[in-house]
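**Student:** The primary structure of each chain is shown beneath.
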Amino acid sequence: MVLQRTRPPLLETPWAVFDRGVFTPNDQFFVRWHWAVVPQHVDVQAFRLAVRGSVNTPLSLNLADILALPRVEMAAINQCSGNSRGFFQPRVAGGQWANGAMGNAKWTGVRLRDVLDRAGVKPGSVAVRFNGMDEPVVPDAPDFMKSLDIDHARDGEVMLAYQMNGEQLPLLNGFPLRLIVPGWYSTYWVKMLNDIEVLDAPDDNYWMKVAYKIPDTPHASVTPGETGFKTVPINRMVPRSWFTNLADGAKVHAGSPVAARGIALGGDCGVKAVDMSADNGATWQPATLSKDEGPYSFRQWTAFVPAPQPGGLELLVRCTNTNGIAQPMDANWNGGGFMRNVCEHVQLAVG
Amino acid sequence: MNITATAYAGVAVTTVTLFLIGTPAQRGRELALNAPPPPASKTAAPAVATGTPAAQPVVTAAGVTLRSVSFDFPTSDRAFPGGDSAAIVTNNCTACHSPGMILTQPSLTKAGWEEEVNKMRTTYKAPVDAADVPAIADYLAGIKGKS
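Line by line, the protein sequences give chains Z and A.
Numbered per this note's numbering, the first sequence spans residues 1 to 351.
Numbered per this note's numbering, the second sequence spans residues 1 to 147.
Bear in mind the hints are in silico, worked out from the structure with no lab data behind them.
Predicted model only: the values in this text are computed from it and were never measured.
In this text, a Cβ means the ideal position worked out from N, Cα and C, and glycines have one as well.
Some hints could be false.
Stated by the list, open to error - Short, incomplete list of chain A residues facing chain Z, as computed with Cβ under 10 angstroms:
1. Ala-61
2. Ser-70
3. Pro-74
4. Ala-87
5. Asn-91
6. Thr-94
7. Met-101
8. Glu-116
Claimed, not checked - Some chain Z residues near chain A, calculated using beta-carbon distances under 7 angstroms:
9. Arg-7
10. Val-37
11. Gln-40
12. Leu-59
13. Leu-67
14. Pro-70
15. Ala-93
16. Gln-96
17. Pro-176
Kindly generate the complete structure, drawing on both the sequences and the hints.
**Tutor:** Following this line, the structure appears as structure tokens:
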């Protein structure tokens, strides 16, 4: 792992991991905590999940109750809102991630809808707020909580996961329960989830109202120094793609085919196509896509340059998702360092 | 179990200042994350335990078993440069986060650092005396400054 910060832990997945397949091993899966007070021990027999607020029957569920609910499994990418923040120009403060603040896993658990239905959501409820077992160091600092609109929370896709890639979650990844919000940024994927509160008014807690806000502009992009724009809570992910077997400066042979390989994600839907360009985007050739593990998973791609000429060779890769949205050629910018999804490129030396 | 040496191999070197892990404390994390739950037939403790009994409680239902876990978070062995002059940030900043948070940040102007420190004070309620803010920003601009 790449250590960004020891406490609270910020651990980045080494880039080489993404070349090995579409699923990220649990012990190499990126880690991000906001507050330093994280329980170091979880007793599965003592653990309880509260479901309360605007419900007919408040619940206190133990893990056996949750295991007994209908089981679902889904592949989904968990990507930090600020993944790739370290590449923003001008630079912005915050975790200086490269591209490894993300991972893809098969999540096993239960539908949030099934849990909410057991409690019975009251008419007029508008949102559901999620809180985990982590706490601020300073008592009056804002506890980390996130919320989803009631219809999103009840869409049948949002999950409470107790397994990740077939094993119980590592403590650092949110054991024993983590909220899975397919297609949405990781900030909503609350770890060590032990409190679900149905709200009858919009959530005005700090982590929804102030933090993790993006400009309400195309690509969440503004000009550095710009003010006065409207902001909204960060939400759906956008398409991205990367090279995983070629890095800047790699040497390849003139006249011999160059095999490029990488991963792509559609964002809030599947990958429709991945294209590669060897002429700065003037022309694009379609890449071959690997097995489809579901709309919220990474998709591996391969493409070839048949016979490069001696000199420099710059390759670009672009993902288009099943909603028809393609990655932009120009990088976005915002003060939070959020939602980077510019087309990636790699510079090769042909000799 | 395999202790994944490859976790440290082939890490992408980026233009960003990142820090490769090689410390024993961090390997401890790898050990912990790689450690499978103790087999039911044995009473082996996890690789990293915090003094909890060897036999960890479990919950089993519908064919899935979840096992209690304990984990020692690694501690940072990084320190701020500058000897005694670093005391003002060591004393004011590291209750909430380790030095790495600051040492990986891009360079900021002194005003930019003051803004960051004030955000920590007012938004995140860091117990930092307002009178200390200029001296903290001076130190930070000294190690990570730009005009």
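**Student:** Each of the hints needs a verdict: does it hold here or not?
**Tutor:** Taking the hints in turn, this is what the structure says about them:
1. Ala-61: With Cβ-Cβ at 4 angstroms, under 10 angstroms, it holds.
2. Ser-70: holds, 4 angstroms
3. Pro-74: Because about 6 angstroms separates A/Pro-74 from the closest Cβ in chain Z, which is inside the 10 angstroms limit, the hint holds.
4. Ala-87: violated, 19 angstroms
5. Asn-91: violated, 14 angstroms
6. Thr-94: holds, 9 angstroms
7. Met-101: Result: holds, 5 angstroms to nearest chain Z Cβ.
8. Glu-116: holds, 6 angstroms
9. Arg-7: holds, 4 angstroms
10. Val-37: violated, 10 angstroms
11. Gln-40: holds, 5 angstroms
12. Leu-59: Interface hint status for Z/Leu-59: violated (16 angstroms vs cutoff 7 angstroms).
13. Leu-67: Holds, because the Cβ-Cβ distance from Z/Leu-67 to chain A comes to roughly 4 angstroms (cut-off 7 angstroms).
14. Pro-70: Not OK, violated: Z/Pro-70 not within 7 angstroms of chain A, min 10 angstroms.
15. Ala-93: holds, 6 angstroms
16. Gln-96: holds, 5 angstroms
17. Pro-176: holds, 6 angstroms
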